[in-house]
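Colleague: Each chain is listed here by its residues.
There are 2 protein chains.
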Amino acid sequence: MDGMTVFLTNSNQHINIGKEKPSRNGFVYVKNPHLDLMEEDILYHLDLGTKTHNLPAMFGDIKFVCVGGSPNRMKAFAEFMQKELGHEGEDNDVKDICPGTDRYSMYKHGMGIPSISIMLHELIKLLHHAKCCDVTIIRIGTSGGLGVEPGSVVITDVAVDSFFKPQFEQVILDRVVTRSTELDQDLASELLECSRGIKDFPALMGHTMCTYDFYEGQGRLDGALCCFSNEKKLEYLKRAYNAGVRNIEMESTVFAAMCRLCGLKAAVVCVTLLNRLEGDQIKASHEVLAEYQRRPQQLIATLIKKRLELINDKELLDNAVV
Amino acid sequence: MDGMTVFLTNSNQHINIGKEKPSRNGFVYVKNPHLDLMEEDILYHLDLGTKTHNLPAMFGDIKFVCVGGSPNRMKAFAEFMQKELGHEGEDNDVKDICPGTDRYSMYKHGMGIPSISIMLHELIKLLHHAKCCDVTIIRIGTSGGLGVEPGSVVITDVAVDSFFKPQFEQVILDRVVTRSTELDQDLASELLECSRGIKDFPALMGHTMCTYDFYEGQGRLDGALCCFSNEKKLEYLKRAYNAGVRNIEMESTVFAAMCRLCGLKAAVVCVTLLNRLEGDQIKASHEVLAEYQRRPQQLIATLIKKRLELINDKELLDNAVV
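Going down the list, the sequences are from chains A and B. Counting in the UniProt record's numbering, the first sequence runs from 1 upward without gaps. Counting in the UniProt record's numbering, the second sequence runs from 1 upward without gaps.
Treat the hints with care, since some could be wrong.
As a list, the in silico DSBU-like pairs of lysine-lysine whose alpha-carbon atoms are at most 30 Å apart [said to hold, decoys possible]:
(1) A:Lys31 / A:Lys51
(2) A:Lys31 / B:Lys283
(3) B:Lys75 / B:Lys131
(4) B:Lys283 / B:Lys238
(5) B:Lys31 / A:Lys232
(6) A:Lys232 / B:Lys51
(7) B:Lys165 / A:Lys165
(8) A:Lys51 / B:Lys233
(9) B:Lys31 / A:Lys233
(10) B:Lys31 / A:Lys283
(11) A:Lys199 / A:Lys265
(12) B:Lys199 / B:Lys265
Pairwise CB distance ranges (calculated) [said to hold, decoys possible]:
(13) A:Gly279 / B:Phe163: 33 to 43 Å
(14) A:Leu85 / B:Asn54: 40 to 50 Å
(15) B:Leu37 / A:Glu235: 12 to 22 Å
(16) A:Lys165 / B:Asn242: 30 to 40 Å
(17) A:Ile282 / B:Arg196: 43 to 53 Å
(18) B:Leu85 / A:Gly26: 52 to 62 Å
(19) A:Lys165 / B:Ile198: 44 to 54 Å
(20) A:Asn242 / B:Lys305: 50 to 60 Å
(21) A:Gly279 / B:Asp186: 34 to 44 Å
(22) A:Phe163 / B:Ser229: 26 to 36 Å
(23) B:Lys51 / A:Lys165: 32 to 42 Å
(24) A:Gln281 / B:Asn230: 45 to 55 Å
(25) B:Phe27 / A:Gln281: 22 to 32 Å
Hints are computed from structural coordinates only; laboratory data are not their basis. No residue lacks a Cβ here, since even glycine has one placed at the ideal position from N, Cα and C.
Next comes chain A alone, as it looks inside the complex:
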């Protein structure tokens, strides 16, 4: 809850099927005609630049990007992935997951739409400058659940705003532009399918509501300011539930909108820490919460391993044909 981390995992060149030139559609693209005219682009918050770093050599083969909420959680995730992908023996220090590059990079950001939006602008420019293609990006995080057991993993089909609409309102200069917040349906289904292969893994698909505020905006009764009754709160949360919302967090709409516009296949996978129909404060022990937070990581690891196996199968098949 105290930072925002980017984990860039190179889940191997194996994933780039064959040697053919990827289709134009597979590239990560920016929608900004001004960028080509810039002599240098400094990615200020990432501490990288187009003149100072060879971005295609450093990052061009990236296929998976995971964005998460807490540096500690993401470090644990990196270590977990290393183990899962069988790189454990090769290198014990997660910082050197790909020596000589910043393959595992931590960028501290905070919670909320403005914070993740800054990171995404620069991350998308990085993937663009690095000429990455066929990139899958997954936000993993924590959330408040709605009518589901604490510890459930919600795979988002669509991110909605406080009014349950599948849209994000972006202020551009002083104009308000409405953007779609639909996520990649195939990827969401693939994730749900993966979850079914994990033993005792409570996962479901549902809408994720994204708010600008943790307290008044999410109907919490325990902030410094609160002007509504418990009844009004429950009435609102039940309306959200009936609209299909299964969890509430603070980043998904802008994440979905920006990734969609820039050609990234995007998913949001958040575990719920409590059931908001039953309270506002998190009561579970640190141990239980830690176990909950490992669940989205487990799901992503399963997805990446499945994709790697698919590739390996295909390679075996290709070799058999030859």
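Assemble the complex: chain A is given as a structure, and chain B must be docked to it using the hints.
Modeller: Quick look at chain B alone, frame taken from chain A:
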């Protein structure tokens, strides 16, 4: 730019004039009838609780709270304040600025309205539970300047939104409530007066525009997404200038609105890192930027020292009369 830090400075009991009970008006209050009914209030992001900590004993004498954008910057500020207040020899470790309590505390948050809002809810509850009174709260930070020299310190008279309105729109459940973003005018004037006593200190009073987004919302041409021309950008920024805006950042409206509602005397003091009428990317060297970022700290130190001297003068006077 990579975190949000809270620096709680106890600028001494001396500030609490005499022994009389402070007026009801001086107390920090929450506007939430539910809080009194809670058996325990856990300030989750601050790692404090009403049952686990004696908050009045730990924090009850706080008169100044400084909120800033970066842990490193705030650590430097704490060290600087120690030196300025003559506590340097007593204790070299800033962590022990008031041993046995977390007088100097770092809470990592990120940029933007949602992030500072979470911190403020819990900070205001802390000050309330601790029965603090006559608290001054100052946000110090960095910003983009508008028609002013880079390095200028802008003391905010009023925070405005992207439409130059002095208001903050708070979504409460699914209702939009408009709150005033006026700041304490006496405090702003006192800060401007203080700035005049510092040699070669470029300070001015002006409106501060607060946006939800660093790129499209602030008219930057260098994001991953940009659909407007340089002319449109400049037209917007000049309109902002003509409306009285002298700098742009991402936290001031919610900060002003919440502090005002809860009886805190609040100010915003941000240095400008560039003139947005001349560009989007920050070009100054790290050394120059570091010097710029010390300026708001210098101003706050001057204010606190001036207030301490005033108290000491009054004590001398009282003693003389007796």
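Colleague: Does each hint fit the structure? Answer for all of them.
Modeller: These are the hints, each one checked on the structure:
1. A:Lys31 / A:Lys51: Satisfied, since the Cα-Cα distance of roughly 21 Å is no more than 30 Å.
2. A:Lys31 / B:Lys283: 24 Å, holds
3. B:Lys75 / B:Lys131: 26 Å, holds
4. B:Lys283 / B:Lys238: Distance ~21 Å between lysine 283 of chain B and lysine 238 of chain B Cα, so the pair holds.
5. B:Lys31 / A:Lys232: 17 Å, holds
6. A:Lys232 / B:Lys51: 28 Å, holds
7. B:Lys165 / A:Lys165: 26 Å, holds
8. A:Lys51 / B:Lys233: 26 Å, holds
9. B:Lys31 / A:Lys233: 16 Å, holds
10. B:Lys31 / A:Lys283: 24 Å, holds
11. A:Lys199 / A:Lys265: 27 Å, holds
12. B:Lys199 / B:Lys265: Holds, because 27 Å separates the two Cα atoms, which is no more than 30 Å.
13. A:Gly279 / B:Phe163: 33 to 43 Å: Taking Cβ atoms as reference, glycine 279 of chain A and phenylalanine 163 of chain B lie about 37 Å apart, which means the hint holds.
14. A:Leu85 / B:Asn54: 40 to 50 Å: 49 Å, holds
15. B:Leu37 / A:Glu235: 12 to 22 Å: Roughly 19 Å apart at Cβ, these two residues keep to the hinted range, so it holds.
16. A:Lys165 / B:Asn242: 30 to 40 Å: 34 Å Cβ-Cβ, so the 30 to 40 Å window holds.
17. A:Ile282 / B:Arg196: 43 to 53 Å: This hint holds: roughly 48 Å between Cβ atoms.
18. B:Leu85 / A:Gly26: 52 to 62 Å: With Cβ atoms ~59 Å apart, the hint holds.
19. A:Lys165 / B:Ile198: 44 to 54 Å: For isoleucine 198 of chain B against lysine 165 of chain A, whose Cβ atoms are near 50 Å apart, the range 44 to 54 Å holds.
20. A:Asn242 / B:Lys305: 50 to 60 Å: With Cβ atoms ~58 Å apart, the hint holds.
21. A:Gly279 / B:Asp186: 34 to 44 Å: 42 Å, holds
22. A:Phe163 / B:Ser229: 26 to 36 Å: 32 Å, holds
23. B:Lys51 / A:Lys165: 32 to 42 Å: 40 Å, holds
24. A:Gln281 / B:Asn230: 45 to 55 Å: 49 Å, holds
25. B:Phe27 / A:Gln281: 22 to 32 Å: Holds: the Cβ-Cβ distance is about 24 Å, inside 22 to 32 Å.
Checked against the numbered hints listed earlier, the structure breaks none of them; every hint is satisfied.
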